[in-house]
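Engineer: Sequence:
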Amino acid sequence: MQRNYISDFVHKVLKKVGEYCLTNGIETIVIAQPNAGIRSIDIGKQNNQKLYQMP
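Going left to right, the sequence shown walks through residues 1 to 55 as the UniProt record's numbering numbers them.
Calculated directly from the structure, the hints in this document are not laboratory data. Treat each hint with caution, since some may be false.
DSS-like, lysine-lysine: derived pairs with alpha carbons at most 25 Å apart [to be verified]:
| hint | residue 1 | residue 2 |
| --- | --- | --- |
| 1 | K50 | K15 |
| 2 | K15 | K45 |
| 3 | K16 | K50 |
Simulated DEER-style distance windows between Cβ atoms [unchecked claim]:
| hint | residue 1 | residue 2 | range |
| --- | --- | --- | --- |
| 4 | L14 | Q53 | 16 to 22 Å |
| 5 | N4 | E27 | 27 to 33 Å |
| 6 | H11 | N47 | 36 to 42 Å |
Quick reminder that beta carbons are idealized off the backbone N, C-alpha and C, glycines included.
Work out the full structure, taking the sequences as your base and the hints as a guide.
Structural biologist: And the structure:
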């Protein structure tokens, strides 16, 4: 169930990003994995849990 929620959320976000880019003439979108450094920072227990649960 959580996987479906994440998949649905990502789909909706990417649709909005795509529409924004088309409207504003943006032709290139770069998507990258967060580097190892971002996973080692302490941003609080709940935020760390959310970060590690990201696909």
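Engineer: Hints first: check each against the structure and report whether it holds.
Structural biologist: Right, here's what the structure says about each hint:
1. K50 to K15: Status holds; Cα separation ~22 Å.
2. K15 to K45: violated, 30 Å
3. K16 to K50: This hinted pair holds, its Cα atoms lying about 22 Å apart.
4. L14 to Q53: 16 to 22 Å: holds, 19 Å
5. N4 to E27: 27 to 33 Å: Because 31 Å falls inside the window, the suggested range holds.
6. H11 to N47: 36 to 42 Å: violated, 23 Å
Violation of the numbered hints given earlier is confined to hints 2 and 6; the remaining hints are satisfied by the structure.
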